Amino acid sequence: MRTGQRDLRLYAPIYVIFIVIYLLSCFLEANFFTWNNNVNLFTRITPLVFASMAQTLVILTGGIDLSIGSIIGLTNVLAASLPYPESGLNVVLWFLVPALAGLALGLINGLIITGGGFSPLIVTLATGAIWKGLSLFIMPVPGGEVSLAVARTATGKLGAVPMPLLIFLAGALACHRLLTRTRFGRSIYALGGNETLAYESGIACGRVKIWVYGTAGLLAALAGMFLSARMFSGDPLAGEPYILNSIAVAVIAGTSLAGGRGGVAGIIGGAYVFLLINNILNLLAISSFYQYVAKGLILIIALAITSSGGEISPAAWMRRLLKPAGAPSGGVDGPG
Amino acid sequence: MAAQDNGQAPLLELEEIVKAFPGTLAVDRVSLTCRRGEIHALVGENGAGKSTLMKVLAGLYPPDQGRIRINGQEVRLRSYSEARRAGVGVVYQELSLQPELSVGENIFSGAWPRTRLGLVDWGAIRRGSREALAEISVDLHPDILVSSLPMALRQMVEIAKVLNQSPEILVFDEPTAALSRDEVEGLFKIMARLKERGKGIIFISHRLNEVLRISDRITVMRDGRKVVTDLAGAFDEDRLISSMVGRRLSEIFPEKPASPEAPAQLFSFEGRLKRSGRRVAFEVAQGEVLGLGGLHGQGQLEMLESIFGLGHCDRTELRVSGRPVTVASPTQAIAQGFALIPENRNEEGVFLILNVLENLAAATIDRRTTLGFIHKGAEARAAQGMVERLSIKLSSLHQAADSLSGGNLQKLVLGKWLISEPKVMVMLEPTKGVDVATKQQIYALIRELAARKVAVIVYTSDMLELIGLCDRVLVINQGFLTAELAGPEITEEGIMKGSVSTLDLLGGGN
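Sequence lines, in order, name chains A and B. Heads up: the first sequence runs through residues 1 to 336, numbered per my numbering. Heads up: the second sequence runs through residues 337 to 846, numbered per my numbering.
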């Protein structure tokens with residue numbers, strides 16, 4: 001864990017919410033708590049976990065990446081457009097081409113943002129539009145094919161363990177290690193905590209940022225590749241829902257949009273909560289009109305709880321919801 | 337209410353005011369009265385609680401305990417506007433002006449008069465501003481942008497803005513810190529005139545000679561408590577200092593070692609200050625503590641920050657042991673063995689949302705990694721060692737930095753740079769806002785560094801620190817090096833002379 005006790009408290013609320021919603025689902029749906037359904041859930045949350053981890057890395061530096069959806073879309077299309085005949089070389093290509101493309105697209109984001117000193121919001125909005133256009137150029141309508149061997153590996157089983165479970169657990173662990181154990185990860189937190197101070201502490205802020213966007217691109221590519229393996233085909237717009245969903249999951253998983261605070265340890269819980277809310281609303285046969293409203297409300301409540309830093313106090317959560325942010329708290333400058 | 341009831345209730349009474357912040361009791365049962373037509377000076381070291389007390393009076397901090405009476409009536413001041421309505425006006429050291437608005441707009445800030453149509457009544461603003469400025473004998477067009485004015489005139493606009501709210505009680509919080517001698521005289525004339533008109537004035541200043549000259553009564557604060565209130569005539573500079581500090585100087589500052597005959601020059605700086613376009617050069621020897629003094633904002637910070645690659649000087653030339661070095665970024669500065677303790681530890685010195693360990697390790701991550709992976713054990717040992725060496729009080733290395741008190745935060749910044757084992761340590765206001773005990777520790781630490789042949793450069797606005805701590809003092813005034821003092825030459829008089837003289841006044845005295 002990054003900081004022992006303190007971070008356990010940071011991630012505890014989201015897993016508490018996860019357990020509550022999971023149990024609720026078990027009661028609402030007779031065959032929810034079956035192995036098959038759980039395997040199905042593993043497959044469904046994997047791309048969301050990767051997209052949200054990509055978003056979390058960027059948010060930790062104080063930025064945001066709106067191009068994640070388009071990177072998912074483009075890599076998804078690439079993965080489904082590669083030459084079909086099954087051969088060792090093709091399988092290697094299937095893994096390398098979209099992954100490297102995602103990395104490159106992310107690095108381009110980072111270079112434009114740091115090189116020009118532009119706002120990540122606008123830059124990634126723009127680059128996202130460009131890459132969406134590119135995907136549509138390559139594949140105007142959903143289609144293409146994915147090597148069956150690859151698809152079976154990604155969504156199949158290793159022994160008795162479903163591959164998607166292994167993939168998202170390994171991905172989350174690797175990402176968590178990256179953030180907590182490496183110089184790169186430490187630099188991300190420092191940068192998000194106070195960029196000027198990070199620079200004055202000798203951290204190469206520009207380079208770190210470029211690679212953060214690059215890594216986010218790579219993680220988004222993994223999400224896109226998994227999606228294509230799951231669907232056996234490509235869809236240029238497959239990534240669209242992940243733009244805002246990745247932000248929502250990152251935040252309810254405990255990452256502060258202001259940067260420097262949070263991590264990926266809560267993301268699996270966050271992704272599950274996000275998915276299961278949809279599930280429950282469907283099971284309750286709530287009309288889709290009200291579903292949007294309910295989903296929004298539930299997210300706000302989850303946000304209030306997880307951003308309270310693990311304070312287990314409904315009163316404090318309500319205060320947080322009702323108190324306008326940014327009010328001067330007083331006393332920060334200490335005794336004069 | 338504004339009736340002259342001399343001899344009855346004083347204009348302002350603060351009674352047993354208590355204000356605590358997490359970790360510090362900033363104001364501890366302090367009482368203070370101010371009469372009509374009185375200039376009441378409030379003095380004390382940085383962190384003594386003066387500004388906090390005044391912020392209570394200004395309605396910015398609600399007091400934890402105690403009462404405030406104005407004209408004998410108890411008042412509750414829960415916000416700035418309540419204090420304003422109760423007749424309290426504060427002229428802050430850090431001016432509260434909007435630089436991109438005009439003088440007139442600033443003077444009427446937030447309460448712009450309107451025409452019947454609900455539009456801003458520019459005529460009324462101009463007339464009112466002229467009157468407010470005339471009251472303090474300043475001739476300034478109300479349409480000028482504040483950003484185009486020099487510091488001293490901005491101060492006058494600030495005063496006019498406060499006077500425009502027709503306060504009965506005026507607080508001047510270090511108004512002279514950024515002013516030259518002539519400008520200070522002008523300000524004192526204004527204060528004297530306000531005094532004649534029956535206002536109560538509270539005057540905070542670090543310049544003891546000014547305090548002794550202008551005030552009627554003086555209250556000394558130390559460590560959040562009131563030490564003494566007495567007539568100004570009952571004080572001299574020595575009594576003021578010993579009341580402020582609570583002990584003699586020699587007990588606070590570590591002894592200065594005798595300087596060696598031919599000290600080895602370790603570091604030299606030469607650069608052109610953008611502010612004055614003037615070249616400034618200095619050298620520091622191994623084991624020397626060099627003080628940099630002068631008023632706020634005379635170019636000292638720009639100069640010292642440029643040592644660290646923060647680019648405020650043109651054509652900087654740095655030499656370490658006679659060898660020229662290039663420093664274009666903090667990364668390069670750290671590689672050369674430089675360290676910079678920034679002035680504002682909350683905003684520039686500490687990652688408040690990160691934990692103690694991450695803060696202490698921040699400048700030296702590179703030194704404990706293999707293939708990008710951090711050696712957690714080595715890192716924790718280095719941090720733990722520094723926590724013990726500086727006796728930083730904390731419950732765990734994983735505690736968030738923002739839960740530490742001011743003194744411990746300052747130690748955190750020091751610790752981060754001590755871990756980097758610098759050859760040249762630049763410190764900006766190293767003891768700002770910390771208590772006396774921590775100050776003593778920091779002074780001892782600076783001496784310890786010097787004993788280990790580190791060259792220490794200290795910028796401080798605390799006169800006593802320059803005198804008590806430094807082997808040599810440079811005084812900078814408006815981007816010029818106006819005095820260089822060593823050993824017994826380092827006196828308050830010598831430093832002040834360099835600080836307030838414009839160049840033609842050098843040596844002119846009173």
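The hints are simulated quantities; they were obtained by calculation from the structure and are not laboratory data. Every value quoted in this text rests on a predicted model; they were computed, and no experiment measured them. There could be a bad hint or two in this list.
[As the list claims (entries may be wrong)] Covered stretches of chain A (chain B as the covering partner; in silico rule of three or more C-beta atoms under 8 Å from a C-beta of chain B):
no.	stretch
1	174-186
2	192-201
[What the hints assert, rightly or not] A short, non-exhaustive set of chain A residues, derived as facing chain B with CB atoms under 10 Å:
no.	residue
3	A99
4	K157
5	G159
6	A160
7	Y189
8	P241
9	S256
Idealized CB from N, CA, C, for every residue including glycine.
Hints, one by one, checked against the model:
As drawn, the stretch 174-186 of chain A meets chain B at 5 residues by the rule of a beta-carbon pair under 8 Å; at three or more, the given contact holds. With a threshold of 8 Å between beta carbons, the proposed coverage of the stretch 192-201 of chain A by chain B holds, since 8 of its residues qualify and at least three are required. Taken as an interface hint, A99 (chain A) does not check out: its beta carbon lies about 20 Å from the nearest beta carbon of chain B, beyond 10 Å. About 32 Å separates the beta-carbon of K157 (chain A) from the nearest beta-carbon of chain B, more than 10 Å, and the hint is not met.
At about 30 Å, the closest approach between the beta carbon of G159 (chain A) and any beta carbon in chain B exceeds 10 Å, and the interface hint on this residue is violated. Interface restraint check for A160 (chain A): the shortest CB-CB distance to chain B comes to about 33 Å, outside 10 Å, so the restraint is violated. The beta carbon of Y189 (chain A) is positioned within 10 Å of a beta carbon in chain B (closest approach about 6 Å), and the interface hint is therefore held. The closest approach between the C-beta of P241 (chain A) and any C-beta of chain B is roughly 31 Å, which is over the 10 Å cut-off, so the hint fails.
A distance limit of 10 Å between C-beta atoms decides the matter here; for S256 (chain A) the minimum to chain B is near 8 Å, and the interface restraint holds.
Of the hints listed earlier, those the structure fails to meet are numbers 3, 4, 5, 6, 8, in rising order.
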